[in-house]
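Colleague: Residue strings, one per chain:
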Amino acid sequence: MRGRDLSSQLALALTAAATTWVALLSWSGFTAQPGRFLGPLLLLGLVLAGLGAVLRSSRVPGWAVVPLQLLAAGASASFLLSGSPVPAGPAGERLVETLSDAWATAGEYAAPVPASVPGVHPLLILGGLVLLLLVDLLACTLRRAPVAGLVLLAIYAIPVGAVGGGVSWWVFVATAAGFLTLLFLQESEQVGRWGRPLGTDAGEVDPAGFGVRTGAIRGSAGGIGAVAIALAVALPLFIPTLQLQVFDFGRGPGGGSNITIVNPMTDLRRDLTRPRDVPLLQVRTDDPDPTYLRISVLNRFSSNEWSSGDRNVPPDQVADGRMPPMVGVASGVNRTNHDYEVRVGTNFASSWLPTQAPVSRVRAPGDWRYDSSTMDFIAYERGLSTAGLSYEMTATKLDIQAADLARATSSSGLVDRLFTELPPGLPTSVRNIANSVTRDAPTRFEKAVALQNWFRRTGGFTYDTDVAAGNGTDELVAFLSDTPTGRTGYCEQFASAYAVLARVLGIPARVAVGFLEPRSVGPRTWEFSAHDLHAWPELFFPGAGWVRFEPTPSGRASSVPQYTTQEVPAFNPTAQPSTAQPSDQLPDRGESGGPSLRPDEAGQGGSGEAGFPWPWVLGVLGAVVGIGLLLLVPRVVRRARRGRRLDAGPEAAWRELAETVTDLGIPWPAGRSPRQTRHHLVEFFGAPADGRRPERPAHGPGLAPDAVLALDRIVDRIERGRYSRAGDDGCSVRADLEACLAALEAGASRAAVRRAHWWPRSVVSRRSRQVRDVDAEVSPTRDGGVVDHVG
Amino acid sequence: MREALAGLTVRGRAFLAAGVTAIVCAVILGQPALTRVGVLIAVLPLLTALVIGRSRYRLALVRTVTPQLVAAGQQARVSLTLTNEGRTPSGVLLLEDQVPYVLGTRPRFVLEGIGTGWRRHVTYPVRSDVRGRFEIGPMAVRVSDPFGLVELGRTFRTTASLTVTPRTVPLPAIPLGGAWTGSGDNRPRAFATGSAEDVTVRDYRRGDDLRRVHWRSSARVGELMVRREEQPWQSRATLFLDNRLRSHRGQGLASSLEAAVSAAASIAVHLCHRGFTVRLVTAAGEDPASAWHLRDSDLNTAPLLEALAVVTTVQQPRLATGWLAEGAHGGLTVAVFGSIESMDTALLRRMQHQAGSALAVALDVDAWVGKPGAGDGTAGLTQQGWRAVSLGPHDRLDAVWQELGRSSARTGAVGEPPRVAR
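As given, the protein sequences belong to chains U and G, one line each in that order.
With the first letter of the first sequence counted as 1, position 244 gets the number 243 in numbering that gives the first Met the number 0; the numbers rise by one all the way through.
With the first letter of the second sequence counted as 1, position 336 gets the number 335 in numbering that gives the first Met the number 0; the numbers rise by one all the way through.
Hints are supplied without guarantee of correctness; some may be wrong.
Beyond 10 angstroms from chain G on every Cβ pair, some chain U residues (computed) [as the list claims (entries may be wrong)]:
hint, residue
1, Ser-187
2, Arg-217
3, Ala-227
4, Pro-426
5, Arg-455
6, Thr-472
7, Val-567
8, Gly-648
9, Ile-665
10, Ala-697
11, Gly-729
Not the full set, but computed from the structure, chain U residues with beta-carbon under 10 angstroms of chain G [said to hold, decoys possible]:
hint, residue
12, Pro-89
13, Val-159
14, Glu-186
Worth flagging that the hints you see were computed from the coordinates, not collected in a lab.
From the three backbone atoms N, C-alpha and C, an ideal C-beta is built for every residue, glycine too.
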């Protein structure tokens, strides 16, 4: 009794702890080193579960179990964090220090917290410990497994709200399975306690009683649970598509913070063509070359235009100091910092804050917010603009080498799919141009350089501001076409065309709008004016981040980035394993932030090669396969029924016989005794056929004497079971039944057998199913008692 | 399916509601991770209801109770035979036989995964210290699912009744005076020649003397009937039990009524064993099931005990007198009284007057609620001509009965023994 109690308690507690731990796996996204909190938590969970199970099974009351568990958990956590089980003295100071460090880190860094700073794992361990305790308390001590589900939901929902990314489906599946197991364990324990006779006269009651626990319920629990989890994983795939059409809330989480921004391109053109140059802002910096001051980024390309798309600006992304780490920049890239002081004139009113890119620190008065994927700053308050604003920032210059760029791996999965999205109606001529221009370049980077050279030198483009504004698909085709009016434009056309071609090549690209080159007005002081406004493309290369290119001809932009003119060494992966650490080339995932790392978006970057109607083909294929599977269902159901009945005793065998007869299209005589039925059936027995069966075989009792004997035996068993006082022992009649079934099939026509196999009447036709009344009925029996029915 | 949906437990309904809410919230807020949770929670009760609702089991139950009449404190056995005539149920079946709690714990069984043709026989004992008639059953069946989300209640219909008779104690033989002779047994008496109305007839049997054929009856019936030459005499006794609420004190098992019923039962058994034909009269009047005319004089005490098993207090202030109106005078009257009030005196006198021999056991009812010494009705009864003894809560009935015998010996002269003919 005691041992069983302990084992059941242990099973429950361990399931609860394991479920909680699996749910805590969803917190992995908080830090770059999830093992640092998951490992200790696993240990703590085991300690808690074991202790709780032992205490409960030795009848320690619940109010005592919880403090003891709390004590043990606290001591273990303290030991893991500070090296001493008692958090007092120096160990206590160490603990406090660790926790305050973690707190500071948590306040400073966005998830995932990189490995280089003091980790947040102490906080995660403490939080996880509290949740483990809560789940154990609810599910095991208080026996309220469904309520423990709320705690699990909280664990699961925290990363969804905090990191913005979803939780991978297998974590969900494992958590759900654990939760259902908890429910099942608790319920079966309750059932077990219900069935146990109370009081001291338990010995007088027949110990077996009626009680039957075959464990079959475990199978049905597993079935229900598996189907429910499968539905839970599959159904949401269909729900959100509906949602995106009905509610146009955009793609970012948190519907309230999204802002759709007016297109800054129109301002650019108006300022460029202004007859008089107007000074707009002054910067004071130690940077010897303060070019390319960026105002905003256009990242969405629809058929009509490049637009700035949506920004996700939660309230904590404010320009008040340190910025999150740069996206996709390898830690090995050399960087230099330059401080900037910016004074904007009153005549330059922009809802975008001009900053350098990349930037590591921005401090500006007012509610300027940034999107972590574009790193441009937008006025969140209504009416806030740059007019008359003074602010400071620290720009970071990266020392990017062409060789590194050439070695860059595919960027798929590292940035949002938005950056490679092209409108579906993009003309093939554009794709052809992109492919033909870059045909000789082996790597993505060299393709990009080839494109730049083509726009600047070899393509025959002319810089002219006197063309119609616009950067949609039609303007793009006109700009790229080799006609007298084509290949003429200004920076807007060059930058947008370049970005589109880069996207065609599968490189994430966007268009930046800003100031090109300032005029020196004093020592370390520079002035940007209206005619300096410019647009340029930025391409993403893993390891280097967003990299600037300059397709506008030298008449306007005199210089190109130095890495586009460097000689690219022949890239031979086997020749240089020692000089280049492969890990350096890969972007440090820990330093890239935000939703751009969602694994479910991996591998979907290559939408540019859509030409073959894959969705249609897949849909049709899926439909065909689905219909095929559906057609298989009756057969499978029928076989499962037969499999169940083969060994289940003579009554089940009789029912199986009846269904087989129905399937074969032979009338089953209703309301006759087994023996009369037998006389009817033997007429349809056929000789077992060897080799090819005739289409309509002969049948009769003389053809299958063995089967007739087998049927006689079954009938005998049925009669014993129904009419004799002793009853039947319920043994299997499998061999006899199989002989009868084989004889029946041998006596039926081929078409009937085919139909019986693939479209069995007993399964597909409702009429053959027995109608049962739910109401109880009472009928007298032979031994004086009364038979009462329920079911 | 509909039945199963209606059978969703609080947990199941909560899951469904929470799941639907989660899905709606997830769709509005665009959180696919939440949708998963919502779908899981919402689908689980629906799936369970589907599976449980499709369950096609069919249980047959046969129930017997032996013996159907037991004395308080003795065991009876209930035997159940359960057969599954349908398919294997997909849920857990929780069976509970609804036994009144006085009879002991309710037997509970868990059935799970029973196949077609499954049959099991089980017996369990029931036992009661309280007299009464109890219905055993019906068996309640709860169908539950593995997660506790759906619960369907079904009930068998049959019940078996068990009568628990009051406790009796064997009483010593004392001179009663109600019997016709000293032997106390029924003896055939020569038929007093009288008018034709007195004649009782029976069917003609081979060997009967033709002179004994009663022609008038034969003409009426159409078959030969013969006169009965002899007439069995009965020793008749009336057992009176005062079960008015006002006459008794205390509640439940510890009440004075229970002591009175137990004393009456002991006396009834004793009288039956001594050959009396006993009828039971309560404050409400004669019990029709135990009237003299309906019963032969045998040793079957069962109807009397059954009647006593279900005696409860009645609210009426006065004793019924209808049974006294009958012409039959004489015979033995044994009465068990509670408290006796002045307004009963007239009736007591009438009872004594009609009885050949009037014995009474008067309960000292106030002693049952802890107020001894208030006196019982013995003095008043004796004054009315009864032979009476007092019974307190701690007295042994056989001792009191013995004392009644002695008091009869003391008072001695009781009038002529009754001769009552049927």
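Colleague: None of the hints should be skipped; say for each whether it holds.
Modeller: Each hint, compared with the structure:
| no. | hint | in the structure |
| --- | --- | --- |
| 1 | Ser-187 | violated, 7 angstroms |
| 2 | Arg-217 | violated, 7 angstroms |
| 3 | Ala-227 | violated, 5 angstroms |
| 4 | Pro-426 | holds, 34 angstroms |
| 5 | Arg-455 | holds, 43 angstroms |
| 6 | Thr-472 | holds, 29 angstroms |
| 7 | Val-567 | holds, 42 angstroms |
| 8 | Gly-648 | violated, 5 angstroms |
| 9 | Ile-665 | holds, 23 angstroms |
| 10 | Ala-697 | holds, 35 angstroms |
| 11 | Gly-729 | violated, 6 angstroms |
| 12 | Pro-89 | violated, 43 angstroms |
| 13 | Val-159 | holds, 5 angstroms |
| 14 | Glu-186 | holds, 4 angstroms |
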